Structures are given as C-alpha cells and as structure tokens.
Amino acid sequence: MNDHHKTLTVFQIAEHVGGEVSGDPEMPISGAAAVEHAGKETITFADRPAILKKLSDCKAGAVVVPETFDSPCAATMIRCRHPRLAFAKIMALFYPRKRSISGISPTASIGRHFEGGEEVIVGAHAFIGDSVTLGNRVIIHPGVYIGDSVTIGDDTEIFPNAVVMDQCIIGKRVVIHPGSVIGSDGFGFTPDGTRHHKIPQTGIVEIEDDVEIGAGNTIDRATFGRTLVGEGVKTDNMVHIAHNVSIGAHSIIVAQVGIAGSASIGSHVTIAGQAGIGGHLKIGDGAVIGPQAGVARTIAPGRVVSGTPEMDHRLWLRVQRVVPQLPELKKRLFELEKQLRILQQKPGDQNDSEADE
Amino acid sequence: MNDHHKTLTVFQIAEHVGGEVSGDPEMPISGAAAVEHAGKETITFADRPAILKKLSDCKAGAVVVPETFDSPCAATMIRCRHPRLAFAKIMALFYPRKRSISGISPTASIGRHFEGGEEVIVGAHAFIGDSVTLGNRVIIHPGVYIGDSVTIGDDTEIFPNAVVMDQCIIGKRVVIHPGSVIGSDGFGFTPDGTRHHKIPQTGIVEIEDDVEIGAGNTIDRATFGRTLVGEGVKTDNMVHIAHNVSIGAHSIIVAQVGIAGSASIGSHVTIAGQAGIGGHLKIGDGAVIGPQAGVARTIAPGRVVSGTPEMDHRLWLRVQRVVPQLPELKKRLFELEKQLRILQQKPGDQNDSEADE
Amino acid sequence: MNDHHKTLTVFQIAEHVGGEVSGDPEMPISGAAAVEHAGKETITFADRPAILKKLSDCKAGAVVVPETFDSPCAATMIRCRHPRLAFAKIMALFYPRKRSISGISPTASIGRHFEGGEEVIVGAHAFIGDSVTLGNRVIIHPGVYIGDSVTIGDDTEIFPNAVVMDQCIIGKRVVIHPGSVIGSDGFGFTPDGTRHHKIPQTGIVEIEDDVEIGAGNTIDRATFGRTLVGEGVKTDNMVHIAHNVSIGAHSIIVAQVGIAGSASIGSHVTIAGQAGIGGHLKIGDGAVIGPQAGVARTIAPGRVVSGTPEMDHRLWLRVQRVVPQLPELKKRLFELEKQLRILQQKPGDQNDSEADE
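Residue numbers (numbering that gives the first Met the number 0), protein chains in the order written: chain V, 0 to 356; chain Z, 0 to 356; chain W, 0 to 356.
Everything labelled a hint here was simulated from the structure, so no lab data went into it. There may be inaccurate statements among the hints.
Cβ-to-Cβ under 10 Å is the rule here; a few derived chain Z residues that face chain W [claimed, not checked]:
| hint | residue |
| --- | --- |
| 1 | Val34 |
| 2 | Val174 |
| 3 | Ser183 |
| 4 | Val322 |
Not everything, but these chain Z residues come out facing chain W in the computed CB check (under 7 Å) [stated by the list, open to error]:
| hint | residue |
| --- | --- |
| 5 | Gly257 |
| 6 | Gln319 |
| 7 | Arg340 |
Quick caveat, the model's predicted, so the values are computed rather than measured. Idealized CB from N, CA, C, for every residue including glycine.
Model the full structure from these sequences, guided by the hints.
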C-alpha cells in the first residue's frame, strides 16, 4: 500500500481536516509518515510534549499539531483540535486501500435467492449460501464463506478466508479481518455422568454497524437468541467471544482476550490483551480491564481493574511491587517470630535454644 | 437456524425424551426457548432451585423439570431424570441443523484413489488429496482442505475452511468447527549454537469417535507416532494442542487453553479457559484445572487445582483473598519490627528514636 | 508421512551426517524412531545420560550417540557431535515431505503481471493477486490467499488456507503453516471522545529467510514502515505479533504468545508459551521470557525472567514457593501482632483481653 501518486498542498490538506495553516499553504505534500521518517514532501503529526519539543529539528514538509501549540517549528504547521484524528484522515487520503478485484468472480459459488446491492464484489472461490443478502458496495474477499440466510449491510468488507455461519446479521461499514470465524457453535454440552451431550446452538451472532473484527477471532452463536457485538466495537486479533455474550457500543477488546459465555460487557469498555472475563459477569460502562487480568466478579461502571483476582488498578500496582519481595518478607516474619520468642522467655531463662526450631 | 415449521404435542415430546407428562399432553409445541423468553407454544426447562421457584409465573406452554419436582406450575410439565439433557434432545428435534449443500460439488478438487461412503457431501472449493477415505454421511464443508491419505469415519462433519493435514485419522461422529487446523507440524527444532534446525514431524493426529473440536484450534502432528484426542473429548475455540499430546476420553478443554508437547491428559479431565499445561506432564483422570492456571507439575487423579503455580483450589481461593492485602500486610510487618525493636530496648533506654529507621 | 521404502546402510547414513561408525557399517536401516519404539531395521538416537544408560537393552538396529559416548551398546553406533541435529537430518532422509500437487492448478486464480520462478507449485483454489513474484520452487498450497504485489523468495512453502496480504515480503526457505495470517491491519484507532476512528495501516510485514511461522498465527502490518520477523525466527502456533514489532534473528516464540505494538525483540530471544510482551518495549538479545509472563518493562540482554511482573527467574521460583503459603503467613503475622500486644502490656496489667484485636 506504499505506492501512490497523489500530491496535495498543505492548504488542501488543512481544508480536508478543518485545521489552520501556519507557514506556507502552497507547500506540496505527497505522503504521510511517522515523525522520525518524515522527509521534505511528507506530512507528519505530533501531539505528545516529548515529540512537540523536538519539532524545531523536524525534517517534514508539514506537521499536524494541537491547536494550542505555539513554539517555533521548522515545518509548516496545521493546527487541529485532534491532531491524531486529523492525521488518520490525512493517511486515508494518501493511502486509500486499493483493490484489484471487482464484480462477482465467475469462480465464486453463489447460492439461491441471492440479493446483492450495487457494486458488490465477491472474490474468487468465495462461497455464498442460500438466501444471502448483501448491501451496496459490500466486498467479500476470495475464499470467504458466507452461510445461508446471512444478511450483510452496506459498505462492509470481509477479508480472505473468514467465515460467517448461517443466519448471522452483519451491519454496515463492518470490517472482518482474515481468518475470523463468526457464528460457530457455542461451547454447550451437558453431561449424563458418562459422556457429554451437545446442546444445539440455535441462536445467531449479530454485529452492529461500524464494528471492526481483527484477524483470527472466533465469535460463537448464541444457544438461544443472539451473541451481540455492539456498534463501533473494535476487536484486535485472536479474540474469543463465547455464546450469548453481549458487548456494548464502542468497546475496545485487545488481542487474545477471552470472554466466557453470557458475559455482558458495557459500552466504552476497554479490555487489554490476554485478559479473561468469566461467564455471566457484567462489566460496567467505561470500565478498563488490565492485561492478563482474570475477572471473576462483576465490575462497576468506570472502574479500572487489573490482576488476578481483579482489583483496583492502583492497588494492583502496589501489590505488584510487593510480590517480588515475598521471599524477603517471609524471612523477616520468621526472624520476628524468633525475636519475639526470645523476648517472651522469662529473664534469666537463657538455656532453651533448642526451642528455637 | 431459527426458522422451522414443526409442531409436536407435549406427549410426543415426552415420548422422545422418556419423560412423564403432568398437565395437558395434547398441548401443541412449536419451539424451544430459554425460560425468560418462552411463550405459549414454546417448551423450556428448569433444573436450578432459583428458576424452579419462579415456575408459577412461567409463560411457556410446557417445561421440562426434574423427576422430583412437585410444586404447582402454570405450564404443562415433563418430568425427566436429566432435564438439561432432555431439553438438549428437544432442541435438536425443533432445530435440526439445516444444510443447503449436497453431493460432491463440481468445484471441489478430489484427488486420486478417493473412497467415499454413502451420502457423502463435499462442498464448493474443498480440496481432497490423494488416497482419502470418507465414511458414510461425512460432510466436508466449502473451503476445507483434506490432505493425502486422511481417513474420516461415518457421520463426521468438518466446517468451512478447516484444514486436516496428511495421514491424520478422524473417527466417527466427529465435529470440527471452522478454521481449525489438524495435523500441522509440531514445534520441533534443535539448535546448533547458531541457528535452529527443523526436526521432521513424521507422526500424525488421531481423533477418536464423538470428539468435537471448536473453531480456530491448532492440533499438531506427532514427531513420531501420534497426537491423540480421545473419544468424546470436547474442545472450545482457539485451543492449542502440541505434538505428541494425548487427551483421554470425555475430557473438556475450554477456550484458549494451551497444552505443551508430550503432555498426557487423563480422561474426564476439565481444563478451564486460558490455562497452560507444561510439556511432558501427566494430568490424572478426573482432575480439574482452573482458568488461567499455569500447571508445571504432574497432577494426581481427581485433584482440583488453580493458580500459578497450581495449588489445591481451596487453598488458591484463600491465597486470592490475601493477594490484594499484601501492601497492607507488608506495612503491618514493618510496624511489628519497629515495635519489637522498641521492646527489645532496655527499660529506661528511651532516647534512641534515631535507631527506628 | 509414515510410508516410505528407502533402505540405507549405517555407513551411508554416517556419511550423510558426518559421524563415525562403531559396529556393523553394512547394517541395513529403513526408518527412524524414538528409542522406545525402535526396532531391528530402525535407527534412533540418545543424548541424555538417562537414555544413554539404557542403551545396552536397545532394540534399534543403530543409534546416534555423542562423540564421547563409549559404553557398550547392543546396537551399531554412529558417534556425532550433535546427535539430535544429526538425527533430524536422518529423519528428513527417511521421511521427506511428500507432495501430490505439482504445477499451477487450473482452479487457482492468478492475477496480472505474475512472475513465477522454476518449478513453482500453486494448489487448487489458491488466489494470487496482481503483480506477485514467486521465487523458484515456491509452493503455494490449496486455498492460500496471496495479495497484490507480494514477493516470495525461493523454496518457501505456504500451507493450506494461510493468508498473505498485499505488499508483504516473504524471504527464502520460509515455511508458513495452515491458517496463519500475515499482513492483516494493525490495531490502530484514535478516539474523538465518542467513537474510534481507524488509523490506516499503510506499512507491510517483512519475513526474512529461514523463518518458520506456526499454524494460526496473526502478524499485523505496520502503521508505517514494516513489521519485521528476522532471519531464522521460529514461531509456534497461535502467536500474535502486532504492528511495527521487530523480532531479531533466530528468536523462538512459543505458542499463544502475544507481542504488542512496536515492541522490539532482540536476536536469539526465547519467549515461552502464553507470555505477553507490552508495547514499545525492548527485549535484549538472548533474553529468555518464562511461560505466561507479563512483561511490562524493557529486559536487558541475556536476562532470564518469569512471572507478572516479570522478575529474575530464580527470584520468581522462590516467590512461587511463598505464594501458596500466604494464608498461613498472614495468620502467623496476626498471631505475632497479638503476642506483641500482650508483651507491650505493663506487667501486672492482665485483665484487658477485650483490647486484643
């Protein structure tokens, strides 16, 4: 995605992101880069004090900075309220995702009662089951499997070799990265004392608008009803979401997190990498769960917790400092016991050292 | 899987599961649902005291209850020994898995010396290597890869985009969910001091009858011999099973568990989510390993362990309560040391507060 | 991979691995096996004292032993400097990976401007985008997706249903196991206070020569520049490598490890199973990270660390012994406090037991 041929003036870029130019508005820009790699015709951005301080050396042609930034800078500046967000828009301008596939491939397998919107793309060797509905501009990449009766909203893109099983509902502007599985059976079995019998998983997965699912996720269908991934949720790679889980709008789930069955995650929650959330728990809106945490209790809205068992993050930081001291603390405890025993001995009763273990 | 058109009487359902009707045996039932969503023509089930207590309000047409349940209930009841198991059978009755694919797709790639049983289904763009044998009613979904000389038993179903590498042996009534990989090379390398050389992985994976493998699993082939997944084992999503592991019959492996090379897991073992089992260990029959546990020692049959290092589950519960108290306990220990030093001073020796750190 | 028909003399084998024969050089050998399963026409190896001691009973036709081994042995011996490495070479001799596919399948989808070297294999239903370059003897297995402008070096093999996204660069003699995803978007979003906006991921993944990537890995492309997997690195299954990570030459990454964005891993590093490495950290050359460790700080070269927080491995072993004792230690601390209070009471002041606790 590195080859492109677009050149824009700083003024044009500032217009696009709603920023204010300070310096040469006619400066030509043909690419965007991180601050350490930015060259003459490149735009970069800075929003942290440490980086803002170094801008006097900056070799970039232009730099996006916060509205309040007023130090001297070698480069032309575009002042923006959200420099990082403005820069994301600029990157999308210079590096639009290119696609060499178009239309419905003759090697795709399309089921009966197919309804496709305008400009739908279905790649080579993709499989579309019966009664599937695809909105406008949906892109199904090569090797993707879409089961029967799946519905997919406008502008959604499903990357190679991903799988969406029967009946699932995918919203608009959703992105599903390669190899992810949506709608596999939930892990439901019931024992008879000797063996485990499968509980049919009759529900679906529903993914709302503007969700992005990373690569290699597995999101299981509900036993009854639906597993829900709410509007604007973003999941990183290898996230596991079990049956009947519900994730509220705009939550962030980092790589390798596992969420057990029927857990209810609020909106604007952040769950950091490799954390595990127990079944049937509620995680309140805006809560933050630390990396590798093991959450076994309901978490109130807005709490920031870490560790196993999960505890307030600040407490956890203090606990983390004590853990490596445990062998030393144990030694000091034993020494205290010894000293105390000596004190407890009657004065003059000096000859019972055998009693000291 | 939610659309269906079957209607049965409560009597017919009770016959099917071997239960006893109390109420109207002619009541028509056309679906099954969780107790909170069950309506007039729906059957539900209850086996926990908390739910059984609320059955007087139940809006379901019928409810499956334990044999011993004798309280009044608004709905017609079917009394069963194992209500949950009976209900699983009822769900399968109302929501049989539907398949729109049949026969061998003309777009599937079938190797030489193929032997397929009766009513075999091979979906679009599936790949079947040379010398593959499929039993009766085997279903290979679209996009699945089956390597050379693989043998698959009757009634096994392999979901989209899963991969079974050469020579592996899959039993009867096995289910492999989407995207899982069976028979990838084990992680075997040997260093020469400078770089790592591959140890060829010449063995296979054998999966016995009635196993269910979740989505996104990776089960590696043995260096020599076989990696074995025993009869009736159920794995959740994203389980990693390394080379030469052996898992005994009817064990349950929850999501994101990793089992290192040559570990030997007994039968009827449960390993909870995100736990890790070290290489070459033995986990005894019936043992239970807690979530996120890190097991580095052999576990005796029937033990219930949790934590890292793994310890008896009850001890671990107590340890979990102490962990968040560590900063406080450390403070109290230091205070004790201080108090003791004061006591150790000779009586009348009051002016040495500098010694108290 | 167990059927083969090759027979070699011990002398021929010794020549191949540069070892010295002791016993019958004309002994015919037709396979290799682990010491406990080795039979008359089989070669095995031994390099650990425990196994070397038992070689007098060994039923193998031949055995590879260390140069310095001089005890009696029932079998003909080949003495080698690196017995395990020599044995890996012998296994490759007897069990070469067989391939039933050859040439470019008529069902593969090949894009424009394709450049393929000599003896390239592209399997059924594979997808090759535009402007792809494959070196000599590259093998693309069935169902693999190769995006636009990907370059792959000589002798690289990509197993079924793996995905390599646009622009990525794959070196020579690389192996990518089934279902792995190379070059998916990094997890980059920026919030505006209400929702998360995607930061375009404009970089690539570069995988250098002699790398082996396990099954079900996800390796994300860089935001800018490249995510780098250095020469000779080996990853086990389900490893997650985030955007802009760099892994130095010959490092070993065990199953289910997660490496967060922009982390820089040195060369000859070992990261054990299920460990997590935080973003932007440096792990020095030759460092060893223990299983399930949570690394949140930079690690100096050569350090061996374990646990969460990570600490010196030896300290961690001691901490691990104390953890299960915590409830007992807490009790002893409380008892000490009680005893101390008693001691602190003035002599003769015996009747204030209410004050205790």
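Hints broken by the structure, by number, lowest first? The structure breaks hints 1, 2, 6 and 7; every other hint is satisfied.
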